[in-house]
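Mapping to our numbering: the sequence shown position 188 is 252, numbers consecutive.
The set of hints was computed from the structure by calculation and includes no laboratory data.
Take these hints with a grain of salt, some might be off.
Stated by the list, open to error - Quick list of in silico lysine-lysine cross-link-like pairs, DSSO-like style, CA-CA up to 27 Å: (1) 234 to 252; (2) 266 to 249; (3) 266 to 252; (4) 266 to 234; (5) 252 to 164; (6) 143 to 249; (7) 249 to 234; (8) 252 to 143; (9) 164 to 234; (10) 266 to 143.
Unchecked claim - Restraint-style ranges between C-beta atoms, simulated for each label pair: (11) 119 to 225: 46 to 52 Å; (12) 190 to 262: 22 to 28 Å; (13) 246 to 127: 22 to 28 Å; (14) 123 to 164: 20 to 26 Å; (15) 127 to 205: 43 to 49 Å; (16) 155 to 206: 33 to 39 Å; (17) 225 to 269: 34 to 40 Å; (18) 181 to 203: 46 to 52 Å; (19) 210 to 123: 29 to 35 Å.
A virtual CB, placed ideally from N, CA and C, is assigned to each residue, including glycine.
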Amino acid sequence: MLAEAAGQTRPGWEDAAWLALRHGLPGIAQGVKTKASSLLAAHRQAWSLCGLDASDPWRQILALSDPVDRLALATGLGKSIDTADFTGLLTTAFAAQVDKAHRRALALVVYLSVRDRRELPAIAVETLATEAREAIQPSRITHQVHGTQLTACRETAAVCSGLSDTLRDKHCRNLLQSLLPDGYKGTKPADLRETFNTLWAKFHLPC
Numbered sequence: 065m066l067a068e069a070a071g072q073t074r075p076g077w078e079d080a081a082w083l084a085l086r087h088g089l090p091g092i093a094q095g096v097k098t099k100a101s102s103l104l105a106a107h108r109q110a111w112s113l114c115g116l117d118a119s120d121p122w123r124q125i126l127a128l129s130d131p132v133d134r135l136a137l138a139t140g141l142g143k144s145i146d147t148a149d150f151t152g153l154l155t156t157a158f159a160a161q162v163d164k165a166h167r168r169a170l171a172l173v174v175y176l177s178v179r180d181r182r183e184l185p186a187i188a189v190e191t192l193a194t195e196a197r198e199a200i201q202p203s204r205i206t207h208q209v210h211g212t213q214l215t216a217c218r219e220t221a222a223v224c225s226g227l228s229d230t231l232r233d234k235h236c237r238n239l240l241q242s243l244l245p246d247g248y249k250g251t252k253p254a255d256l257r258e259t260f261n262t263l264w265a266k267f268h269l270p271c
């Protein structure tokens, strides 16, 4: 009504919801500031979700906040997700990884999940191949190491000694060894093993 009285165009439902959200946050009265771009992204996602049919697979995907969870769900939904959309989810999930080790772990798991799909676009295949190649086809190279690299080698050997001959552990062993001698910056072999096992279960790969 105020907009009409001032001679301005009346905002649509989406704009009105955005204004209500932006100015109705309880923290405003206490001077708490919220990053406008993050708030707008959350609003747009919620608005998109409201407009989707209950049977639309994107309703399930957008209901998840974690990009890896979204990718795992999209992988399970198969051909019901457009290949271009799948590539976007893949790129976003990789961009969210904190370091080389976690990107390679994710790439290996996703590759094993989708390697039989011929409909994937070249960019998705290239992304997976680039990130996971060394773990898929590990090389055997002798390195002269010392200091932190030597520590990483010892820790990797200790973790690998506890792995079994299951399919999951074989791939885990290749992954851990592929990151030697200097691929463990920011993480440790034992932690990466836990991450890999979590991803393996999340993407429903057979043990």
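Checked hints:
no.	hint	result
1	234 to 252	holds, 18 Å
2	266 to 249	holds, 25 Å
3	266 to 252	holds, 21 Å
4	266 to 234	holds, 18 Å
5	252 to 164	holds, 12 Å
6	143 to 249	violated, 37 Å
7	249 to 234	holds, 23 Å
8	252 to 143	violated, 36 Å
9	164 to 234	holds, 20 Å
10	266 to 143	holds, 19 Å
11	119 to 225: 46 to 52 Å	holds, 49 Å
12	190 to 262: 22 to 28 Å	holds, 26 Å
13	246 to 127: 22 to 28 Å	violated, 39 Å
14	123 to 164: 20 to 26 Å	violated, 34 Å
15	127 to 205: 43 to 49 Å	holds, 45 Å
16	155 to 206: 33 to 39 Å	holds, 36 Å
17	225 to 269: 34 to 40 Å	violated, 23 Å
18	181 to 203: 46 to 52 Å	violated, 27 Å
19	210 to 123: 29 to 35 Å	violated, 54 Å
Of the hints listed earlier, those the structure fails to meet are numbers 6, 8, 13, 14, 17, 18 and 19, in rising order.
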